[in-house]
Amino acid sequence: MTLPEGWEWMDEIPSGWVPPEELRVPTGILSTDLPIMMLSSSALGNDLIDLVGRLLSESARFSIWFGSEAKKTASPKELALLSLITNEQHRHVYEAWTLFIDAYNASGRKAGSFDSELDALRQVLLDSIRNIAAARRDFEGGK
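Residue numbers (numbering that gives the first Met the number 0): 0 to 142.
Honestly, the hints are just simulated from the structure, not real lab data. Every residue gets a Cβ at the ideal spot worked out from N, C-alpha and C, and that includes glycine. Please note that a few of the clues may not be correct.
Unchecked claim - Using 20 angstroms as the maximum straight-line C-alpha spacing, the simulated EDC-like pairs for lysine to aspartate or glutamate come out as follows: (1) Lys70 x Glu139; (2) Lys70 x Asp137; (3) Lys70 x Glu57; (4) Lys76 x Asp137; (5) Lys76 x Glu116; (6) Lys76 x Glu87; (7) Lys71 x Asp137; (8) Lys109 x Glu57; (9) Lys71 x Asp126.
Claimed, not checked - Just the calculated beta-carbon pair ranges, DEER-fashion: (10) Gly44 x Thr72: 34 to 44 angstroms; (11) Thr31 x Asn130: 29 to 39 angstroms; (12) Glu68 x Thr31: 14 to 24 angstroms; (13) Thr72 x Ser112: 17 to 27 angstroms; (14) Asp49 x Glu87: 21 to 31 angstroms; (15) Pro18 x Ser56: 14 to 24 angstroms; (16) Glu68 x Ser115: 32 to 42 angstroms; (17) Asp137 x Ile28: 16 to 26 angstroms; (18) Arg129 x Pro25: 22 to 32 angstroms; (19) Ser40 x Gln122: 17 to 27 angstroms.
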């Protein structure tokens, strides 16, 4: 497709991750549906429930900021790049989640047999929360 003059930068923007169908319900909003799916599982302990809640909150803060602040000051290219950030972070969480829940179920829910997947999920949640917050903070600091 030929882009209008001045919009060639769009070819440089990577295409975002397309979430699987299971992450398109009940709301159709990835940043809501992934935490709902995770919180609906009995596999999470309170520490992970807290982290999933923090991911949900940080994603909401990012969305509020994106809609009320970033759109006022960011270029179209910056907005396109910013819009990919939460999508990518949620992809990382989903991938860690599926590895964890598969190991959890395969072990017959035997404690200690899925520790590496649990630790990886915990770390990915922490990293994603940090990365989403940092994207907003770094953008604001760079303006």
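Hints, verified against the model:
1. The hinted pair formed by Lys70 and Glu139 meets the criterion: a straight-line CA distance of about 12 angstroms does not exceed 20 angstroms.
2. With a C-alpha separation of about 15 angstroms, the suggested pairing of Lys70 with Asp137 holds against the 20 angstroms cut-off.
3. Distance restraint check for Lys70 and Glu57: the Cα-Cα separation of roughly 18 angstroms lies within the 20 angstroms cut-off, and the hinted pair is therefore satisfied.
4. Of the supplied pair hints, the one linking Lys76 and Asp137 holds, its CA atoms being roughly 16 angstroms apart against a limit of 20 angstroms.
5. Note on Lys76 and Glu116: the hinted pairing is violated, with a Cα-Cα distance of about 36 angstroms set against a maximum of 20 angstroms.
6. Using a Cα cut-off of 20 angstroms, the hinted pair Lys76 and Glu87 holds, with the two alpha carbons roughly 17 angstroms apart.
7. The hinted pair formed by Lys71 and Asp137 meets the criterion: a straight-line CA distance of about 16 angstroms does not exceed 20 angstroms.
8. Between Lys109 and Glu57 the CA atoms are separated by roughly 32 angstroms; this puts the pair beyond 20 angstroms, and the hint is violated.
9. With a C-alpha separation of about 28 angstroms, the suggested pair Lys71 and Asp126 falls outside the 20 angstroms cut-off, and the hint is violated.
10. With their beta carbons about 41 angstroms apart, Gly44 and Thr72 fall inside the hinted range of 34 to 44 angstroms.
11. Separated by about 18 angstroms at the C-beta atoms, Thr31 and Asn130 break the suggested range of 29 to 39 angstroms.
12. Evaluation of the 14 to 24 angstroms hint for Glu68 and Thr31 yields a pass: the beta carbon distance comes to about 21 angstroms.
13. At about 50 angstroms, the beta-carbon gap between Thr72 and Ser112 misses the expected band of 17 to 27 angstroms.
14. Between Asp49 and Glu87, the C-beta spacing of about 22 angstroms keeps the proposed range 21 to 31 angstroms intact.
15. Pro18 and Ser56 have their C-beta atoms about 20 angstroms apart, which keeps the hinted 14 to 24 angstroms range intact.
16. Distance hint check: the CB atoms of Glu68 and Ser115 are about 39 angstroms apart, consistent with the given range 32 to 42 angstroms.
17. Between Asp137 and Ile28 the C-beta distance comes to about 24 angstroms, which sits within the given range of 16 to 26 angstroms.
18. Restraint check, Arg129 to Pro25: a C-beta distance of roughly 28 angstroms satisfies the suggested window 22 to 32 angstroms.
19. Under the hint 17 to 27 angstroms, the C-beta atoms of Ser40 and Gln122, about 19 angstroms apart, fit the expected range.
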